[in-house]
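Novice: Letter by letter, the chains look like this.
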Amino acid sequence: MIKFLLVGLLRDRHRSLFPVTVVSLGVILTTLLYSFMSGMMNDLIDSTSRFDSGHVKIMTSAYHELENQLPNDLALTSTGSLLASLKKSYPGYDWTARIKFAGLLDVPDENGETKSQSPVFGLGVDLLDKSSHEVERLNLRKALIRGRLPEKPGEVLLSDKFARKLALGLNHKVTLVSTSSGGAMAVQNFILCGTVEFGITAMDNGAMIADLSDIRFALEMPDGAGEILGFNKSKFYSSENAGKTAADFNGKFFNPQDKFSPLMLTLEDQNGMGEYIQYADSMGFIIVGIFLIAMSAVLLNAGLMSGIRRYGEVGVRLAMGEPKGHIYKTLIYESVLIGILGSFIGTSIGLLIGYYFQQVGFDISGSLRNSSIMMSNVLRARISLTSFYIGFFPGLIATTLGTALSGIQIFKRQTAQLFKELET
Amino acid sequence: MKGSEIIKVHGLIKDYSMGKQSFRALNDVNMSVCSGEFTGLVGPSGSGKTTLLNIIGALDNPTEGDAVVLGKDVNSLSQAEGALLRNESLGFIFQTYNLLPVYTVYENVEFPLLLLKKSKQERNEAVMKALEWVGLTAKAKSKPNQLSGGESQRVAVARAMVKLPKIVLADEPTANLDAANSHNILKMMLKLNEELNTTFIFATHDEKVIAYLKRKVVLSDGKIIDDITLN
Ligand SMILES: Nc1ncnc2c1ncn2[C@@H]1O[C@H](COP(=O)(O)OP(=O)(O)OP(=O)(O)O)[C@@H](O)[C@H]1O
Ligand SMILES: [Mg+2]
Chain P
1 MIKFLLVGLL RDRHRSLFPV TVVSLGVILT TLLYSFMSGM MNDLIDSTSR FDSGHVKIMT
61 SAYHELENQL PNDLALTSTG SLLASLKKSY PGYDWTARIK FAGLLDVPDE NGETKSQSPV
121 FGLGVDLLDK SSHEVERLNL RKALIRGRLP EKPGEVLLSD KFARKLALGL NHKVTLVSTS
181 SGGAMAVQNF ILCGTVEFGI TAMDNGAMIA DLSDIRFALE MPDGAGEILG FNKSKFYSSE
241 NAGKTAADFN GKFFNPQDKF SPLMLTLEDQ NGMGEYIQYA DSMGFIIVGI FLIAMSAVLL
301 NAGLMSGIRR YGEVGVRLAM GEPKGHIYKT LIYESVLIGI LGSFIGTSIG LLIGYYFQQV
361 GFDISGSLRN SSIMMSNVLR ARISLTSFYI GFFPGLIATT LGTALSGIQI FKRQTAQLFK
421 ELET
Chain S
1 MKGSEIIKVH GLIKDYSMGK QSFRALNDVN MSVCSGEFTG LVGPSGSGKT TLLNIIGALD
61 NPTEGDAVVL GKDVNSLSQA EGALLRNESL GFIFQTYNLL PVYTVYENVE FPLLLLKKSK
121 QERNEAVMKA LEWVGLTAKA KSKPNQLSGG ESQRVAVARA MVKLPKIVLA DEPTANLDAA
181 NSHNILKMML KLNEELNTTF IFATHDEKVI AYLKRKVVLS DGKIIDDITL N
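Protein chains in written order, with the numbering used here: chain P, 1 to 424; chain S, 1 to 231.
Since the hints were made in silico from the structure, they are not lab data. Some hints here could point you the wrong way.
Derived BS3-like pairs (lysine-lysine); straight-line CA-CA distance at most 25 Å [what the hints assert, rightly or not]:
1) Lys-117/S x Lys-3/P
2) Lys-120/S x Lys-3/P
3) Lys-3/P x Lys-118/S
4) Lys-3/P x Lys-142/P
5) Lys-143/S x Lys-3/P
6) Lys-20/S x Lys-3/P
Make the full structure from the sequences, and use the hints.
Specialist: Encoded structure:
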């Protein structure tokens, strides 16, 4: 009997090839859609963490309150000992200090007179220390357009667009005018050694990247830092792990009474990223949900159609003395088989294509030209554990449900009525 | 050769509800059939032939009265018991053949035996014998769409006969066949009736069929108006 049914399934393309194809296509699309959604989300988290938030970030709570104003007078002091204990207590993270600053960039001519001037946003990061991962983290080598990376104190990078706007050539002197941590005016000369472009619009409009120790010197904050960032050594942000680390750290180091004690925030605690992630999650959920409903409707319909097509067969099998329940069961088994096969093929192909776009990605810089979101210009898919079942189970369930419903349609009718339809 | 009574219908009423109204398709039908009969329910279109045949075949329930088939009251059978009765004792032949299109002739005829859980060897013997009766052993591997109408109906006869049922119910079996094929099929069924003592009940208004019948039960507007034993 089982052989008999399998033979029928294989020979009848309307029962096998067609539904398997429909299920596969639906599952491929669902899997891909989900992978791209999580790829985009991952990308956003990734670039935000690299350039701004870290996976976790330590600031004084006073600095945190006014973070947008880059209040370096409220920055952390004696970061050397703090970094040492961080490295010891949380070895799963890579720790690094940064100073964000704002000021004016002055370009003098041969006589020392101002040739051009522009406001600048800057990042003091650990570029020269051999053990630092900042160069890779900020992707500086790839971002380099002209010149080279800083190799000795006093050298800086500017975003390429910005340098062109100021008509600045390589090895030209630039002067940073800013405010020291003590509130006085700070003036420091640098040499432009290279220009960069990150492909992140927010960073490409007017940024300066300098070595941390130069900025410490310029802003008179020896051993100080606006923030200390922590990056999970696995390279991936884990909400759970970051939350635990922050709770543990704050329990030991943070004193709510003392506005200058260090406070650790996770990526989600910063810049509304948590809400954004939640929003994106629920958007993803909704989009995939709508898609699933559409796919289920198609599969349901396909199931109904094939059920109606099989009225004749069902009538004959009933007349031969096969019990209704048995026929119903075999119809369901068939659809489970179809569902598993289609979902398996669909998931495999979906994952394969997804994997390709995870590795290669495609360029969407055209549509992001004016965006200030910290998102890279290459859209990538991301295969996660969920990608393996987000299409599979709906594919299987929709197929089975379609058959179950069409089966009920058949059996709600009087047996004799099925034969009326046989006769016409 | 007439044997024991195997079908007894008593006070049978069948109402079809059509919205608020209902339509009486069978109105107090009483009849009995003995084993080995070659009987036809005849009458004009709409007289209730198919309805009566379906009730006897446990495919439909009467509104009132009872129909006892092989000692079983079809009205009180569960769905599964009805299926068992059809499986073990009844063979059906339809106007439109109703072969399963994806299966070969052999597999179509084999199907009732699969339901009866016969062994492979038993199945093989029975299928080949049934195909021999209808003269289609050469077409065993063909698909239904490669057969003529006459051949298709012969396969349907083989499928109904393969399990050697006590009763074969045939609803307008010749309606889609030409004269030559009709006679061919009827001769075959008559032969099986005589050799195997299988009871045949037809629903028909085809004169060609009526000419072969040994008994004619005439229906009109849901009532039996005549019951004639022939030759
Ligand atoms: N499901 C149904 N609902 C309502 N009326 C029905 C139904 N089935 C049959 N009837 C009616 O019952 C009557 C008897 O139908 P039946 O099919 O038994 O006739 P028949 O003698 O087989 O006719 P034919 O020779 O055309 O096949 C007809 O008038 C038909 O319209
Ligand atoms: Mg009829």
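Novice: When you check the alpha-carbon spacing of Lys-117/S and Lys-3/P, does it fall within 25 Å?
Specialist: holds, 13 Å
Novice: Please verify whether Lys-143/S and Lys-3/P have alpha carbons no more than 25 Å apart.
Specialist: holds, 18 Å
Novice: With the threshold set at 25 Å, check whether the alpha-carbon distance from Lys-120/S to Lys-3/P stays at or below it.
Specialist: holds, 12 Å
Novice: Next pair to validate is Lys-3/P with Lys-142/P; report whether the Cα-Cα distance is within 25 Å.
Specialist: This hinted pair is violated, its Cα atoms lying about 61 Å apart.
Novice: Would you check the hint for Lys-3/P and Lys-118/S, treating anything up to 25 Å between C-alpha atoms as holding?
Specialist: OK: Lys-3/P and Lys-118/S at ~14 Å, within 25 Å.
Novice: Against the 25 Å threshold, does the CA-CA distance of Lys-20/S and Lys-3/P hold or violate the hint?
Specialist: violated, 47 Å
In terms of the numbered hints stated before, the structure departs from hints 4 and 6, listed from lowest to highest.
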